[in-house]
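Chemist: Spelled out from the first residue to the last, the chains are:
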Amino acid sequence: DAGITQSPRHKVTETGTPVTLRCHQTENHRYMYWYRQDPGHGLRLIHYSYGVKDTDKGEVSDGYSVSRSKTEDFLLTLESATSSQTSVYFCAISTDLVYGYTFGSGTRLTVV
Amino acid sequence: GESVGLHLPTLSVQEGDNSIINCAYSNSASDYFIWYKQESGKGPQFIIDIRSNMDKRQGQRVTVLLNKTVKHLSLQIAATQPGDSAVYFCAESRGSYIPTFGRGTSLIVHP
Numbered sequence: 001d002a003g004i005t006q007s008p009r010h011k012v013t014e015t016g017t018p019v020t021l022r023c024h025q026t027e028n029h030r031y032m033y034w035y036r037q038d039p040g041h042g043l044r045l046i047h048y049s050y051g052v053k054d055t056d057k058g059e060v061s062d063g064y065s066v067s068r069s070k071t072e073d074f075l076l077t078l079e080s081a082t083s084s085q086t087s088v089y090f091c092a093i094s095t096d097l098v099y100g101y102t103f104g105s106g107t108r109l110t111v112v
Numbered sequence: 001g002e003s004v005g006l007h008l009p010t011l012s013v014q015e016g017d018n019s020i021i022n023c024a025y026s027n028s029a030s031d032y033f034i035w036y037k038q039e040s041g042k043g044p045q046f047i048i049d050i051r052s053n054m055d056k057r058q059g060q061r062v063t064v065l066l067n068k069t070v071k072h073l074s075l076q077i078a079a080t081q082p083g084d085s086a087v088y089f090c091a092e093s094r095g096s097y098i099p100t101f102g103r104g105t106s107l108i109v110h111p
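Chains as they are written, first to last, in our numbering: chain A, 1 to 112; chain B, 1 to 111.
If we strip away everything but chain A, and leave its shape as in the complex, we get (with noise of 0.2 Å):
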């Protein structure tokens, strides 16, 4: 999807287990996003990123942590992952902070 490639595509994982998704773009956009996707919801932003170690919170960021060492790749953590995390997660990339996102084509994490 234009450049951006979200790996694993499909993780079980047990409850209490870390796990660790990746995005990774070739476009060099400044913003990178990580969503989750549920039945009944709407996609619900997780974490964000305008730079290079700079992140910020999304609404549902309880227990999830974000990294970006280099802007190419942004890595959204579970600590320790729960059943209520269970959901497809998608990674965006964007040059401006409202237009223009571009989506991965998601992770499906089941936590058992």
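These are calculated hints, taken from the structure and not from any lab test. One or more of the hints may lead you astray.
[Claimed, not checked] Have a look at the derived ranges for each label pair, beta carbon to beta carbon:
no. : chain 1 : residue 1 : chain 2 : residue 2 : range
1   : A       : Asp54     : B       : Ser40     : 20 to 26 Å
2   : B       : Pro82     : A       : Val12     : 15 to 21 Å
3   : B       : Lys56     : A       : Pro18     : 45 to 51 Å
4   : A       : Thr95     : B       : Arg51     : 14 to 20 Å
5   : A       : Gly3      : B       : Ser40     : 18 to 24 Å
6   : A       : Val12     : B       : Gln14     : 36 to 42 Å
7   : B       : Gln45     : A       : Asn28     : 17 to 23 Å
8   : B       : Ser74     : A       : Glu59     : 22 to 28 Å
[Unchecked claim] Simulated coverage check for chain B against chain A, where a stretch passes if three residues somewhere in it have a Cβ under 8 Å from a Cβ of chain A:
no. : stretch
9   : 39–50
10  : 94–105
We put the CB at the ideal spot given by N, CA and C, even for glycine.
Given the coordinates of chain A, work out where chain B should sit on it, guided by the hints.
Modeler: For chain B alone, kept in the frame of chain A given last:
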């Protein structure tokens, strides 16, 4: 690929018909609106956008209408095709704030 399509309003149409997908937004101060299409197994994809100083904007086979009085947005798809089957959702933004996304509507196009 990933998708979510459960628990969504559904619109079923015949191929060749026009489709109208509606969205009610929440913030009267929102000044920018976007429609996205999400096909099964893929991430959301930008379709068309509109600013609050406009009532209507047309793209290729799609038209977005904005009614600020009742905080309503609609997406019209002309001559709907099977490839239009997807989940469609709107997003709203105010000023320089990150857009917030609606739940979406599932469009099913029957041949």
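Chemist: For each hint given before, does the structure comply? Return the numbers of the non-compliant ones in rising order.
Modeler: 1, 2
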